[in-house]
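Work out the full structure: start from the sequences and follow the hints.
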Amino acid sequence: MNERSLWDWEYAFDVLPELVTAFLRLTLGITAAASLIAVVLGLVLALGRRSRIRGISWPVYGLVEFVRSTPIPIQLFFVYYALPATGIRISALMTGIIVLGVHYACYMSEVYRAGIDAVPKGQWEACVALSLPPQRTWRAVVLPQVVRRVLPATGNQIIALFKETPFLIVIGVLEMVTVANQLAAEQYRYIEPITIAGLIFLAASYPTSVVLRRLETHLGY
Amino acid sequence: MLQELIDAGPLFLRGVGITILYTLLAAVSALVVSFVFGLLAMSRSTVVRGVTRAVVEFFRGTSLVVQLLWIFFVLPQLGLRFEAMAAATLAFALNFGAYGSEIVRGAVTSVPKAQWEATVALGMGRVQRMRRVLMPQAIPEMIPPFGNLLVQILKSSSLLFIVGITDLTFEVNQLRFELGSLPAFGIALVVYFVLAQLLLAGMRFWENRAAAKVGRGPRAVTVTADPQAVAHT
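Going down the list, the protein sequences come from chains A and B. Take any residue in the first sequence, note its place counting from 1, add 80, and you have its number in our numbering. Take any residue in the second sequence, note its place counting from 1, add 119, and you have its number in our numbering.
It is possible that some hints are incorrect.
Claimed, not checked - Cβ-to-Cβ under 10 angstroms is the rule here; a few derived chain A residues that face chain B:
id	residue
1	139
2	141
3	166
4	257
5	264
6	270
Keep in mind the hints are simulated off the structure, nothing from the lab. Glycine included, C-beta positions come from ideal geometry on N, C-alpha and C.
This is the structure:
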């Protein structure tokens, strides 16, 4: 192995297609599916936490705090190994998507909460004065402003989620980093696969965060 | 069940101990990296700022797992061999330090501009200005985001087992056959939750102390007519 050069281009090009395929098929797929859960469930959790009924707001508060302060790998293990004991059996891939989705939904609920709190109080009062029903207050006045405010933060959460897809390695989901790790172990040559995996992450996340920063200044926050 | 739990106790506690040790080691080194990168990012030299920016974006942009694997498996092939503990601390310090440097930079730049100008007018040097005026005001601002980062570090310590370090996650993985998956991972989740809450409580205490030192008092007793003003102080 020692006579091989520091960086073997031939080997790098050998592993590249497999890594890119794994990235496009799994890493991006998992990110998209989990983000969808996070964005939708996050709003539900944020509204639940604002509920005036304590039977709703307290459990939601507890759940959000608990999920946010416990590690994703243990949550993955818990769902993957412990749930089957209660009769629920789901695949590793589904486990990964659900755990990442719910984990980030809890973060998203905080993002929404900040966005909702930022809507000026006068607007709520105006809605009351106009006797708009709560549904219309939310749909026509509050949510359009919330969406604009939470957009950059949502993007950041999705990038963070994206960079945590390799955590699924712990339950053996074949996303890009797991594939890179396996290829590396087969050849006992780690430099190229792991470096390429890192560069693919960088290539995907850096431009997105630049766009988000632009968006943030553009929206004026 | 109870007997098994008692038998598992020592291993479990050892795992908890290693998790705490790593979290503290990683937190302290990440804090150092945060301040170094954060202050360099505010340098007057364009080159220094550019290089710092690139390094920070690099560590923020490539996933932590990749960095961990890189330090563990690639560096030894390049002839750099670290002890597991040192390697993990290095990976965490650089990754979380990159995030932390943004916290430092953000907090220092959030100190009102007039304060900068006043230090210039008083003829203070760069070091004196930082130590006496800017840092004391910036630090209370940094504590809440650093608290969140600390919880992130604690949570990410659960990845150490993939490189063979016997932290809490590793021990729980061993014990799950004796204890059963549900109690083993359930207990682990609760332990992480309790540790995170302890860290956050400590940070809140520190935040109030730091705020009091610059005359802002504990937030709970701030008296003001405008609720928006509280949010911005």
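Taking the hints in turn, this is what the structure says about them:
1. Evaluation of the residue 139 of chain A hint against chain B yields a violated restraint, the C-beta minimum of about 15 angstroms exceeding 10 angstroms.
2. Hint on residue 141 of chain A is violated. Least Cβ distance to chain B is approximately 13 angstroms, over the 10 angstroms limit.
3. The interface hint given for residue 166 of chain A holds, since its Cβ lies 7 angstroms from the closest Cβ of chain B, which is under the 10 angstroms cut-off.
4. Because the beta carbon of residue 257 of chain A sits about 6 angstroms from the nearest beta carbon in chain B, less than 10 angstroms, this interface hint is met.
5. A hinted interface residue such as residue 264 of chain A counts as satisfied when its beta carbon comes closer than 10 angstroms to some beta carbon of chain B; here the least separation is about 7 angstroms, so the hint holds.
6. The closest approach between the C-beta of residue 270 of chain A and any C-beta of chain B is roughly 4 angstroms, which is under the 10 angstroms cut-off, so the hint is satisfied.
Figure legend: structure checked against the earlier numbered hints; hints not met, in rising order: 1 and 2.
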